[in-house]
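A.B. asks: Residue-level listing of the chains:
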Amino acid sequence: MSDIVLRDVEKYFGDNYIIRKLNLEILAREFVVLLGPSGCGKTTTLRAIAGLEDIDSGDILIDGHAVQNLRAAERDIAFVFQLFALYPHLTAYENIAFPLRATNESKAVVDQRVREVAKTLRIDHLLQKRPSALSGGDMQRVAIGRALVRRPKALLMDEPIGALDAKLREEMRAELKHIHLQNEATTVYVTHDQVEAMAMADKIAIMNEGVLQQVGTPSEVYQQPRNLFVAQFIGSPIMNVMDGAVRPGDAATTLVLGEDDARLRFPSELYHRVVEHRHVEDELSIGVRPEGVLVERQPTDGYIAVEAHIIEPLGPYDIVDLKLGKLLVRARTASGFVEKAGDVVWARLDEKQTHFFSTRSGETLDIRL
Amino acid sequence: MAHLALNDITKKFGRHTALAGLDLEIADGEFFVLLGPTGAGKTTTLRLIAGLEHPDAGTIRIGGEDAAEWSAAERDVALVFQYYSLYPHYTVRQNLEFPLKAKHRRLSPEEIGERVAKAAKTLRIEHLLERKTDRLSGGEMQRVSIGRAIVREPRVFLMDEPLSNLDAKLRELLRAELKDLQMKLGATFLYVTHDQVEAMSMGDRVGVLDHGRIVQVGTPFEIYNRPRNTFVATFVGSPAMNLLPARLVDGRLVIVPQRFEIALEPAVLERLRGRSGEIMVGVRSEDIEVRPGLPLEAQVYGVENHGVEKIVTLKACDHLLRATVPARTELSVDSGSTFGFNQGKLKFFDPASGSNISYGEEAHHG
Numbered sequence: 001m002s003d004i005v006l007r008d009v010e011k012y013f014g015d016n017y018i019i020r021k022l023n024l025e026i027l028a029r030e031f032v033v034l035l036g037p038s039g040c041g042k043t044t045t046l047r048a049i050a051g052l053e054d055i056d057s058g059d060i061l062i063d064g065h066a067v068q069n070l071r072a073a074e075r076d077i078a079f080v081f082q083l084f085a086l087y088p089h090l091t092a093y094e095n096i097a098f099p100l101r102a103t104n105e106s107k108a109v110v111d112q113r114v115r116e117v118a119k120t121l122r123i124d125h126l127l128q129k130r131p132s133a134l135s136g137g138d139m140q141r142v143a144i145g146r147a148l149v150r151r152p153k154a155l156l157m158d159e160p161i162g163a164l165d166a167k168l169r170e171e172m173r174a175e176l177k178h179i180h181l182q183n184e185a186t187t188v189y190v191t192h193d194q195v196e197a198m199a200m201a202d203k204i205a206i207m208n209e210g211v212l213q214q215v216g217t218p219s220e221v222y223q224q225p226r227n228l229f230v231a232q233f234i235g236s237p238i239m240n241v242m243d244g245a246v247r248p249g250d251a252a253t254t255l256v257l258g259e260d261d262a263r264l265r266f267p268s269e270l271y272h273r274v275v276e277h278r279h280v281e282d283e284l285s286i287g288v289r290p291e292g293v294l295v296e297r298q299p300t301d302g303y304i305a306v307e308a309h310i311i312e313p314l315g316p317y318d319i320v321d322l323k324l325g326k327l328l329v330r331a332r333t334a335s336g337f338v339e340k341a342g343d344v345v346w347a348r349l350d351e352k353q354t355h356f357f358s359t360r361s362g363e364t365l366d367i368r369l
Numbered sequence: 001m002a003h004l005a006l007n008d009i010t011k012k013f014g015r016h017t018a019l020a021g022l023d024l025e026i027a028d029g030e031f032f033v034l035l036g037p038t039g040a041g042k043t044t045t046l047r048l049i050a051g052l053e054h055p056d057a058g059t060i061r062i063g064g065e066d067a068a069e070w071s072a073a074e075r076d077v078a079l080v081f082q083y084y085s086l087y088p089h090y091t092v093r094q095n096l097e098f099p100l101k102a103k104h105r106r107l108s109p110e111e112i113g114e115r116v117a118k119a120a121k122t123l124r125i126e127h128l129l130e131r132k133t134d135r136l137s138g139g140e141m142q143r144v145s146i147g148r149a150i151v152r153e154p155r156v157f158l159m160d161e162p163l164s165n166l167d168a169k170l171r172e173l174l175r176a177e178l179k180d181l182q183m184k185l186g187a188t189f190l191y192v193t194h195d196q197v198e199a200m201s202m203g204d205r206v207g208v209l210d211h212g213r214i215v216q217v218g219t220p221f222e223i224y225n226r227p228r229n230t231f232v233a234t235f236v237g238s239p240a241m242n243l244l245p246a247r248l249v250d251g252r253l254v255i256v257p258q259r260f261e262i263a264l265e266p267a268v269l270e271r272l273r274g275r276s277g278e279i280m281v282g283v284r285s286e287d288i289e290v291r292p293g294l295p296l297e298a299q300v301y302g303v304e305n306h307g308v309e310k311i312v313t314l315k316a317c318d319h320l321l322r323a324t325v326p327a328r329t330e331l332s333v334d335s336g337s338t339f340g341f342n343q344g345k346l347k348f349f350d351p352a353s354g355s356n357i358s359y360g361e362e363a364h365h366g
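In the order they appear, the protein sequences are chains D and Z. Under my numbering, the first residue of the first sequence is numbered 1, with each subsequent residue one higher. Under my numbering, the first residue of the second sequence is numbered 1, with each subsequent residue one higher.
These aren't lab readings, by the way, just hints derived from the structure by calculation. As the structure is a prediction and not an experimental result, all values here were calculated from the model. Take these hints with a grain of salt, some might be off.
[To be verified] Some chain Z residues well away from chain D (every beta-carbon gap over 12 Å; in silico):
| hint | residue |
| --- | --- |
| 1 | I112 |
| 2 | L264 |
| 3 | Y301 |
| 4 | N305 |
| 5 | G307 |
[What the hints assert, rightly or not] Label pairs and their calculated CB-CB ranges:
| hint | chain 1 | residue 1 | chain 2 | residue 2 | range |
| --- | --- | --- | --- | --- | --- |
| 6 | D | V211 | Z | T219 | 40 to 50 Å |
| 7 | Z | C317 | D | K119 | 29 to 39 Å |
| 8 | D | I304 | Z | V254 | 26 to 36 Å |
Every residue gets a Cβ at the ideal spot worked out from N, C-alpha and C, and that includes glycine.
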């Protein structure tokens, strides 16, 4: 198991940067997810680590050794693709054993290694089957088995479960994570699906337009997004973001949303914190996740009356669009809490879950109340 | 705007039966979602209503009248597809005008102009009217496709997975927009999807389709809380409902003999009305509580942090169970924990047929 370090890695085509000054440390045994929209550079980064793609500058270190000039085969890394590249004429056993053929291991050792891996992946009963007789999930397990059997320094995966249906993806997510905990292979996993990233990662590295935006644990990127891109890429439903301004008062700060669409009472500390940042003249972007919008059915001190617009009943909870003047703010409520569209309810933003960003730069002001 | 009724529809393609005795009734002005996996017969249903296919048996009524002899154009329904069918070299305005210039419509240029302006305003694409469609983003193209349906003022809108090619964020945004649009227009929408979140969030009612048959029709609340069978129970909701084979013995639910059983509460027993023997029990992840001091023991198999909450996979004997817990809950993998069920929310299914054994009564009691 090895650590992987990317230092000032760059890759460009002509004037277009694919990866820009990327610095990332992946610790031994860690499960790191590279997350971002299509074209953000995540797959290129993964392929660069694997040696399938050259970089234009910077270093890629595996266990402290620069590998950027080594061929893929010399890096001792295993790669799992989205499409299960199995040999159709070989059994699951032979597919898993395949990478060991080139080594000088004895038959007994090969057999032991294949059976060990198959047991971890819970496919020991399927070893004599050919790929055509396997389900999608089992095929992917065999593909992973083939990657693990070599005991590589690291395991790289490019959207390995993207092609599976929703239910199977859910199961495989838990399964892959469990496999990781058992074999402890350093894993770098690429996906555009933030749910997958949140569910599996020890650490998420979020990329956009070739630039690393933030690296952190799932709860860090969810609770303390560094900028508006991360704030709105992580989480579903998407974080509400509104223009805002602060006005000082005796015992409280008034937070004015939109073009005076709503006025909310916030702790007086807020105004002072914004002044400290010299952002009074600057426009603020106010971010709040649906669970940070508090809703009551009765008039409540500090809450403002709003009209419920669309209600999305998602089963365990509802997402309710609330009209704050011309703004629409999405709130998460208990199932059936707001009865029907058109109802008037009372709402406020939970100050502990409200995020403040500079509209100009998109960066967080790091104000936490 | 029109009422839509399909009665006992059968459609075969060679030896493959796509639809088998399908019944469906959609009220005037309703947002109805047809939900099902690939191959369930969703698109075939839409094509039959649009007049692009003809049923082997059964009747289709649009606005109360039998549509069998009507051509596709006479049915006056609009189809919106997953792939935008726009003319690439024309502007957005030209694309919107196109369906109105058909001879049979006899619309004056003023009327056409008015309709285009109105649709563009509704969809907030007024600023794009003079742009060529090959210079639009995916979300804009899908808005224009919907605009082409709106200008026709059809009796029914048929939508075939219109959002599935868009990325997750845009899909979320357009979901709310489409629902808003339908409410504004007061139009009849039949919307087809395999995505249960789309169905739950947009549908006034949802029809769940499996192998060419309607399994259940109901509001999103009914579908989620009173699934008719194990197919609906596991297809709707994420994570999927946990299903455990069990036995009912003297008022106890035995999941694995001696090691994993619970005494059922009187209210639950009443629902089961003296039933005993083999049973399939269903429990949603949010109806499993995980904390110290509860009657059942498990090992933590995995923890997923979803920000707003965590999903924990528990291993109890040989069963893997998903539980939703608050985000602040700290659980480490391979440690032991205990759990319990919210018994009032347990579902019971016949192990052979998969039917919810208290389906009718539950519906009765609301």
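A.B. asks: Each hint needs a verdict: does it hold in this structure or not?
C.D. replies: Hint check results:
Once the 12 Å rule is applied to beta carbons, I112 (chain Z) is consistent with being away from chain D; the minimum gap is 31 Å. With a least CB separation of 23 Å from chain D, L264 (chain Z) remains clear of the 12 Å interface cut-off, as annotated. With a minimum CB-CB distance of about 6 Å to chain D, Y301 (chain Z) fails to clear the 12 Å threshold, and the non-interface call is violated. Its closest Cβ contact with chain D, about 4 Å, brings N305 (chain Z) to no more than 12 Å, contrary to its assignment away from the interface.
For G307 (chain Z), the shortest C-beta to C-beta distance to chain D comes to about 3 Å, within the 12 Å cut-off, and the non-interface label is violated. For V211 (chain D) and T219 (chain Z), the Cβ-Cβ distance of about 45 Å falls inside the hinted range of 40 to 50 Å, so the restraint holds. At about 19 Å, the beta-carbon gap between C317 (chain Z) and K119 (chain D) misses the expected band of 29 to 39 Å. Here the CB-CB span from I304 (chain D) to V254 (chain Z) is close to 53 Å, at odds with the stated 26 to 36 Å.
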